Amino acid sequence: MQLQTGLEAGIEGAVLKADVRELDFHYGAFHALKRVSMPIHDHMVTSLIGPSGCGKSTLLRCFNRMHDLYPGNRYSGGGIVLYPDNTNLLAPEVDPIEVRMRISMVFQKPNPFPKSIYENAAYCLRARGMRNKNELDDRVESALKGAALWNEVSGRLKELGANLSGGQQQRLCIARALASDPEIILFDEPTSALDPIATASIEELIIELKEKVTILIVTHNMQQAARISDFTAYMYLGEMVEFGVTDQIFIKPQKKATEDYITGRFG
Amino acid sequence: MSASASEPSLSAPIGTGVSDRLSKKASRHVKERIIEALLFSAAAFSVFVTVAIVYVLVKESWIFFQTVPITDFLFDTQWTPLFDDAHYGIMVLLSGTLTSSGVALLVAIPLGTIIALYLSEFAGFKVREIAKPFLELLGGVPTIVYGYFALTFLTPILQKVYPDLPGFNLLSAGLVMGIMIIPYVASLSEDAMRAVPMALREGSYAMGATRLQTALWVVTPAATSGIASAYILGISRAVGETMILAVAAGMQPNLTFNPTEPGATITSNIVQVALGDLPHGSIGYQTIFAAGLTLLLMTLAFNLLGYWLRKRFREVY
Amino acid sequence: MMQAADLAAIRAIITRAKRWDMFFSLLGILSLMVGVLTFTVLFVDMAIQGVPRLSMDFFTSFPSRRAENAGILSAWVGTVLVMLVTALSAVPLGVAAGVYLEEYAPKNWMTDIIEINISNLAGIPSIVYGLLALGLFVYYFGFGQSILSAGLTLALLILPVIIVATRESIRAIPRSIHEGSYACGATTWQTVSDHILPYSSAGILTGVIIGMARAIGETAPIITIGALTFIAFLPTAPFAGDPPAGLFDWIFAPFTVMPIQMFNWTSRPEAAFTVNAAAAGFVLVFMTLAMNGLAIYVRYRLRKNIKW
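Chains as they are written, first to last, in the numbering used here: chain H, 1 to 267; chain B, 1001 to 1317; chain P, 2001 to 2308.
Extracted from the complex, chain H is given alone in its bound form:
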C-alpha cells in the first residue's frame, strides 16, 4: 500500500515519531489488524477514524502494549518503531512497563483512581519511585496546569478524584498521563462519555498539548477528527484504508471508501 508521509503531504517541520510497519494482531483466532502501516509525527495530533470494530482502538492499544494484559492476544507480525531510538515497541524483549512509561494513555470513560486528586496526578511519578515531596508538588502542579485543571482544584487537592465532574475527571486523567512527561499520549475516544461543553474543553486542551507531546487519538466523531488533528487515518475491517493530512482526507480523499465514510454514505 502506498502511504504518504507528513513530509510528502507538505506539513512543514513534521518529524517522524513512530512508524507502524505492516502490523498484524490477533485476538485468539480473530485477525483484528491486517498488515497495518502508518506514520506518527512528532508534536502532531493524529486521529484514527472508522466504523466500530474496524480495529482503531486495537491499533491504539498496541502502542502501549495494553493487549499484554489479557491472555490470547498476539502481535502476530510487523511492529511499531519508536524514534529517535529506533526501538520496536512490540518486540518481546521490550518490557511493556517501559513502553507504558514512555507512552501514556487516556481512556474512553474517565477512570480516576479511588484516591485524592493529588495522588491521582502523582501516580506515574510514584510508580517511577519519586519520593521527594517538593519535587512531587511541583510536578503535580505543572501536570494539573497542563491539563487546565489547576485553577479549579488547587484548593482541594486532598479530595477524591471521583468527586469531580465528568469533564474534570477526564482532565484529571490527562494530568495523570501528562505528569511523567511521556513521549506520546494515546486518547481512546476521550470525549464519548462527556457533554458538549466538556468535550469542547478537552478538544481545546488536546490542541494545546501538542506543544509538549505527540498525540494519537481514536474518535468516532469525524468532526472532532477534522477539528483537532493534523493527520487522519481511516480504518476499515482491520485494514488501513487511507492515511493523510486531515484537510486532504476530509476534502479530497484518494479512496472511494474513505469518501463514502466521510460523506456519511456508509458507516
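It is possible that some hints are incorrect.
As the list claims (entries may be wrong) - The calculated DSS-like cross-link candidates involving lysine-lysine, where the alpha carbons are at most 25 angstroms apart (straight line), are:
#1 B:K1031 <-> P:K2107
#2 H:K145 <-> H:K212
#3 P:K2107 <-> B:K1126
#4 H:K133 <-> H:K109
#5 P:K2304 <-> H:K115
#6 B:K1311 <-> P:K2107
#7 H:K145 <-> H:K210
#8 B:K1126 <-> P:K2304
#9 B:K1311 <-> H:K158
Read the hints as simulated data drawn from the structure, not as lab findings. All values derive from a computational prediction rather than experimental measurement.
Chain H is fixed; fit chains B and P onto it per the hints.
Using the frame of chain H, we list chains B and P on its own:
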C-alpha cells in the same frame, strides 16, 4: 326458566361466558395468593428464628441476672459457676476468646489478604481455577477435625520448640483456627478485589505501574470496604469458633492474655457445661445462656460494623 | 525528549519494581502453600493414624469402653438420620424463601428486614443455634435430646446458605426467560414452577450440598442440645419391635453423630482412643470432602453447560 349457564344462547347475555372465565381467573388468583402467602411465610420464618434466638437467650439470662448482679458478671475476675463458692466473671472467658482470636487473626488476616491479592492480581486463570475450590475445601473441613489436628499434631511440634508449653494451650488452637479462617478472609477479599472494574486496572497499567503497584495502590483502596467486611467476617468466625478450642485449649477458665497458657473461651465453656448433666432451670444451666448472649452481642456488633462499613465506604469506582 | 540516560534510569526503576513483583508472587504462592501444606499434613497424619483402624467391624460396632472393640455404627446411623431431618426441613423452607425474595418480594421495609436478617443469621456462631435449640426444641417444644431436635437445629443453621444459593442461581437466569414466560400469560407461580426452578435446580443443588457438608461436621450445637456421647443402640426402625414402632418414632430417639463420637474419643487420654478418633475423623473428612467435591463438580458442569 332461563337458559342454563352451560348452554349460552344468542339471546342470553354474553355475561355468562365472561363471568365463567372470570371465576376461573378468580380461582387461579386465589391459588396464586395462597402460594405467595406460603412463600412469604418461609421468608419471614428467618425473622422468627432471630426473634426466637433473642427471646430464648434474653429470657434465660434474665433469670440468671436475678441471681447474679450484672456488675459481678462484668467485673469479677473468676469464673467458677459450678463451685460451691461460685463466681461469674465473664471477663475470664472473654480473655480466652480474645487471646485465641487474636492469634488466629494474626495468621488469617495477613495470609488471607496476600492470597486474595495473589489470586486476583497475579495468578493465572489456571492457578485460580485450582486454588479457589481448594480454599473452599479447606473451609469445609469440620472444625472438630481441626481441633484434633491442633491437639495431636501441632501442639507436640510446638512443644519441641518451646518445651514448657502445656498440652492444652490457646496458641496451638489459635494458630489452627487461623488456618481455618484463611479461606473466609481470602475468598471474600478476592471477590471484592475482582469486583474492581478493569478500567481502573488498565488506567494504572497504562501509567507504567507494575502488578504490585496496581494491586496495592489501586485495587486495594478501591476494594477497601469489601476487604474490611471480609476481615470482620473472619473476626466473627474466630470469636464464634468452638470445637477447636474445646479440644485443644483445655476448657479451664483462666484470666490470661498469654497464648501459651490453657484457657476457656465463651464458646468452649458452653460446650463444657452442656457436656455435664445440668438440670434444666439450674443456675449452671442459665450461665451458658448469659455467656451465649454475650457472644451474640459481640457478633451482632461485628455484623453491624460490617454493614456500616459497606454503607459508609460504598465502592467509588 | 527521551535521552539514553533517561531510558537507563527507567530501566533501573523497572528492574527494581519487578523484583518486588517477583517477591510478592513468591509470597502469594508461599501463603497458598501454608494452606495446602496444612491440609495435606492434616489429612495424611489422620490417614496414617486412622486408616489401619478402618475395618468392617469399625463401621458395624457400637462404641465400647475398650478402644479396639469400639466402632461408629450408632454415630454414622445417627448422622444419616439427622441429615435426613435437616434436608427435609431446610431445603423446602430455604428454596421457598429464596424464591419469594427473588420473584415475589415487593421493595419495601419488610423485605429489607428479611434480607438484613438473613445475612445477619449467616453470621451468628453455630453454638448460639445450639442454645436456641436447647431452649426451644428440647425444653419448650419438648422434643428432648432427639434426632428431631438435632436435625431441626442444623436445618436452621444451614437455612441462610440455601436461601443465598437459591437466590444466586435464580438471579443467574436471564431476565428474558422471565419475560418470555409472562408474555405467554403465565402467572408468577407458573413461571416459577415451569421455568425458574428447573433452570436454577443445579445451582440450588450446589448450595444444598455445601450446606449439608457443613451440617455434617457441626459439633458444637449438637453438644449444646445435650446429645449423648455414648450410645450403644440404634433408633427402632419403623414397624419393628413389640409393640411395633410408629413410622416416625425414630425421630424422637436419642442419638449420637460422627463428630460427637470423634470428640468423645479425642478427649480421652488413652492413645488407643486417639487412633479411633483419627479413624472417625478420616471418615468424616472423607464425607465432607466428597460432598464439597460433588458441589464443585456440579457447579463446574453447570458453568460448562450454560447456554444463554
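Quick rundown of the hints versus the structure:
no.: 1; hint: B:K1031 <-> P:K2107; in the structure: holds, 23 angstroms
no.: 2; hint: H:K145 <-> H:K212; in the structure: holds, 13 angstroms
no.: 3; hint: P:K2107 <-> B:K1126; in the structure: violated, 40 angstroms
no.: 4; hint: H:K133 <-> H:K109; in the structure: violated, 30 angstroms
no.: 5; hint: P:K2304 <-> H:K115; in the structure: violated, 39 angstroms
no.: 6; hint: B:K1311 <-> P:K2107; in the structure: holds, 19 angstroms
no.: 7; hint: H:K145 <-> H:K210; in the structure: holds, 15 angstroms
no.: 8; hint: B:K1126 <-> P:K2304; in the structure: holds, 16 angstroms
no.: 9; hint: B:K1311 <-> H:K158; in the structure: holds, 22 angstroms
In this structure, the earlier hints numbered 3, 4, 5 are contradicted, and the remaining ones agree with it.
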